[in-house]
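*Asks:* Protein chains in written order, with my numbering: chain A, 1 to 235; chain B, 1 to 389; chain C, 1 to 450.
There could be a bad hint or two in this list.
Claimed, not checked - Below, in silico cross-link-like pairs of lysine to aspartate or glutamate (DMTMM-like), each with a Cα-Cα straight-line distance of 20 Å or less:
{"hint": "1", "chain 1": "A", "residue 1": "131", "chain 2": "A", "residue 2": "115"}
{"hint": "2", "chain 1": "C", "residue 1": "72", "chain 2": "B", "residue 2": "40"}
{"hint": "3", "chain 1": "C", "residue 1": "432", "chain 2": "C", "residue 2": "202"}
{"hint": "4", "chain 1": "A", "residue 1": "131", "chain 2": "B", "residue 2": "12"}
{"hint": "5", "chain 1": "C", "residue 1": "72", "chain 2": "B", "residue 2": "294"}
{"hint": "6", "chain 1": "C", "residue 1": "58", "chain 2": "B", "residue 2": "163"}
{"hint": "7", "chain 1": "A", "residue 1": "131", "chain 2": "B", "residue 2": "211"}
{"hint": "8", "chain 1": "A", "residue 1": "131", "chain 2": "B", "residue 2": "339"}
The hints are simulated quantities; they were obtained by calculation from the structure and are not laboratory data.
For clarity, every value in this text was computed on a predicted model and none was experimentally measured.
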Amino acid sequence: MSLELQGVSAGYGAGDVLHEISLDVRPGEVVVILGANGAGKTTLMRAVSGVIPRRGRILFEGKDISRTGPEQIVRLGLAQVPQGRGTFVDLTVEENLRTGALSRRDSARVNEDLDRWYTTYPRLAERRRQKAGLLSGGEQQMLAVSRAMMSRPRLLLCDEPSLGLSPRLTQELFASLRSINEEWDMSMLIVEQNAAIALGIATRGYLLEVGTIARAGSADELSDSDAVRAAYLGY
Amino acid sequence: MTSAKQRLVIVEGSALHLGLRIAGALAIIATAFALPYVLEPFRLSQIAGACVYAMAVVGLNLLAGFGGQISLGHAAFFGLGAYTTGVLTTGYGVDPALSFLVGIVVCFAVGVIVAFPALRLRGIYVALVTLAVGLIFPTLVIRFADLTGGSTGLFGVTYQPPDLAYFSGFNGRVYWNYWLAVAGLALACLVVRNLMNGRFGRSVIALRDNETAAVIMGVNRTGTRVVVFGTSASIAGLAGSLFAVSSGLLTPLSFSLLLTLYFLAGMIIGGASSFWGPVLGGFLIYFVPVWSAELSSINGSQNLAGVVFGVIIILITFFLRSGLAGLVRTLLGLVVRVEPRMPVAVPSAARASLSEPRLTERHHLSAPADDRPELDRSGVGSTDAARNH
Amino acid sequence: MKTRLITAASGVALLALVSACASPSGDGNGSSGGSGGGGGGGNAAQEAAEELGIDLSKCPTDITQPLTGTLKIGTPLALTGPAAPAVAPLGVAQQAAVDYFNETADLPVELELIVKDDQFAPDKTLAVAQELVQSDEVGVLNGVVGTANVAAAREVAQQYCVPLIAATSGGRSANDPTNYPFTVPWSLPSYVDVSAWVAHLEEDFPDGAKVAVYTANTESGEDYLEAIEELTEGTNLEVVSETTIEAADSAPPAAQVTTMKASGANVLFAAPSPTGQCSSLMTEVANQGWDLDAFMLTTQCTVLQLMEPAGAAADGVFASTYINDPALDSAQDDEGVQEYVAAVEQYQPGKPIVGSTMSGFSEIEVLVRAIEQADGSPLGASPLGILYAATHMTFQSKAMLPGVTYSLNYPQDQVAMESAQLSQFSDGQWEKVQVFDFNGETTGKASIGD
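In isolation and in its complexed conformation, chain A is listed as follows (with noise of 0.2 Å):
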């Protein structure tokens, strides 16, 4: 098992925002959460990441991370594409890209890699001495993918991927994400409220309403459901 939640509850002090989550990613599988705002999908994210205190138990290739800070986390494997990019406008792309590199200390191999990305998306080796602030939407997402994979991770958590981007970037994202998949044997969790292409690449998926798990199944039987498609599918 690649990850493991199991009856994970986190909030933000106030009161608990996830209620007893259990849910599990398999090596290799995409694995998407469908939910409404406000469902818990980001605070999801950020209680596996370790960036807020979490209960229950969260393992990661059956290590238990539920006491695990964050840093220690990506060290461990596990890469996050944060809601809204996360870039960091003032770093140069590049500067970006050796941020996601931070918990590595083979230079060599982590320049490969820089060219691996570069090669994957051209617009960023043109821009790789610019300010990161100055991308476009578009480009600031490929950063944010290529940023978490330098990495290397074994699973990538996406936040929201979509968010911001028209359309045809929403696709394209999305193909570059199964690409990745497929071409890495990439584990992938994806929070996505844009259910009808986040489940054509996913695997299985899950359905977060109010902070607990109100469905899961394969991707086709949650683009099946009534339910989903009423809420999300929007036919």
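Here the structure of chain A is known, so what remains is to put chains B and C in place on it, guided by the hints.
*Replies:* Using the frame of chain A, we list chains B and C on its own:
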């Protein structure tokens, strides 16, 4: 924008680029050596005073400019260094050089102690914690009058120049203080530069730009902030030590909140989070009051320095966000362009990528705030409909 | 990487060069050999210098040559900043005095005053004094105000062998002729001020009194506290309560007055900070109905503008005064005051004529008298001659109260102002009680003597 063709294009790392940088460095060194022969000794003392202020601004810039945490207590660190040297040399006969080191260590430690409560706090609260330090310091100096000379002040702080022909003349002490200040400023600039160029520097800026994302990327928030706070404080402390030996006397009033505000003004005017902007800013906060004082007379004086700073800061806030350093960069950019080296393997055949639809028209000069992603209005359509249920 | 190496290498090269290089010449001051010693006074000059503790060979210029032409006088003064309203008018009075004495006195030189802003910050006083000496080439420094500021300026006076005449500080530490022979302080020392209080009380209270002490937490306040503790020892004045106030505190000192009143003291010694704290103390004492037998107030509060806000609460307060005040009824017929008023009206028309600025007038007057005396002496009106005269001179300034004199005779008498008029406040006026003269008694107490 002038087109690139009209400008001198220099490829980064080329012989020309390197040559120009060496020439620049040599010009600065030559100037430093020439000044003692050219200037009257009091001007040289003023330059030394300006270097000391510039050091403190360079240190503050590490914390507030690069680190994004406003400190209202830097005059206290400056004063702590000054009094460490003052008390140790006059009261206990400690060698001034050793007292500098002690000052650096003491300021680092105090900086770290202040940093810990400030770690969990953001923005205005960091300012408040440091403000408390800044306000307490002069009071403490008065309270421990037996040690510090209290409000009367501490006199006779000196650093005898080494036994060299260069420093043996009538103005030997002026030259010695000048070189101490120049060396101190150079050291401060090198420390900040080396710290900020590389992995650690990226972490500092990442934390400032987007703390959550930085932590998720594996930035050690506590470690980074503690080192930044401590280093910034110890640079200010060393500046204070040099201030002590060059001015010769210390009074608590010299280290009031006003001095911190001057440091902050210097940083903003010079250009926050630039490497040499704060040096420029430090010189300005020293020399603007000197010039305005030279314009004052017993018949009708105004505090011109305050007016000048006020106007400059307003102008900079509205027109020159990156300060004088930014202005110079922009002006240079009209004439010279430094072309970055391209990555070794420039991909010619790009794979399926997001970049192909040219997005350049939508570049935002003001960086979009990370937590409020720009919404692509052109893309309002089926996705948005789906998103809104 | 390369640039970093280069920068570091240049840094090292720079330091290496510093140690290797020869000394810059520095506008003729480079040699420490000294050109002094051979001037006008000859042996007399050598003797005078020795008596003052001056090594003429260490002076960058020959200070034994009589001055001719124009004598530039430099004054670092707060023209801007928080202290400016209190201090800057001194410069106006100095300027009026310079113009007045150029016209009326028989001087071998024409006086020219250069006042530069030091914002009352000691480090700036130092910088301004250096600039005045090096760039403006002033021959004399005059009238620096404040103990710390004097401490800064005297370093420059010492190094460049420029006399600093009438350094205005009552603090003991500012008066150190052994180490700083070029600096001659001028002001009523707190030690003399307190001496007058104690002398008066010993006469008035033969059976003793209980004393409460209230001082500002400033250099001056600390100086007073020290003097009070020393001077009351061995007398039957018993200090029963000591309170302090921060210099910047502008609130009524209710807590301090309550404490002191509760101690059972019947006499109050008060040295608050003169900016704003004089009247608030008097008002608070009256408001709390503290019925004192004697209220002794620092001379720094005696300017009428500082007394006025207290109204009736100021009645009966004692203080030592030494500078006359044009606003006093008793000063209306005083010749010196009339001359001062006429000079300010003529040369600085429209400028306020107040007691506090009279000391600025008097600071220049000291210098003028010293030049006159030097001119008639074997030393001549050389910088050394002027310094020697200023330290060996007794005279009654036009700005001082009758009976109060400036009197110095190094090394036996190192304190210029050792006489004071104890006055009592009544109906908005200071009324003379008694003149105390401690001439020759306070050297080593109001100064750092041997």
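*Asks:* If a hint holds in the structure, say so; if it does not, say that too.
*Replies:* These are the hints, each one checked on the structure:
Taking the CA atoms of residue 131(A) and residue 115(A), the gap is near 18 Å; set against the 20 Å cutoff, the hint holds. Restraint check: the Cα-Cα separation between residue 72(C) and residue 40(B) comes to about 19 Å, which is no more than 20 Å; the hinted pair holds. Distance hint between residue 432(C) and residue 202(C) is fulfilled; the C-alpha atoms sit about 18 Å from each other, no more than 20 Å. About 17 Å separates the Cα atoms of residue 131(A) and residue 12(B), which keeps this hinted pair within 20 Å; it holds.
Of the supplied pair hints, the one linking residue 72(C) and residue 294(B) holds, its CA atoms being roughly 17 Å apart against a limit of 20 Å. Of the pairs offered as hints, the one joining residue 58(C) and residue 163(B) holds, with about 18 Å between alpha carbons and a cut-off of 20 Å not exceeded. The suggested pairing of residue 131(A) with residue 211(B) holds, with an alpha-carbon distance near 18 Å, which does not exceed 20 Å. Between residue 131(A) and residue 339(B) the alpha-carbon distance is near 15 Å, which keeps this suggested pair within the 20 Å criterion.
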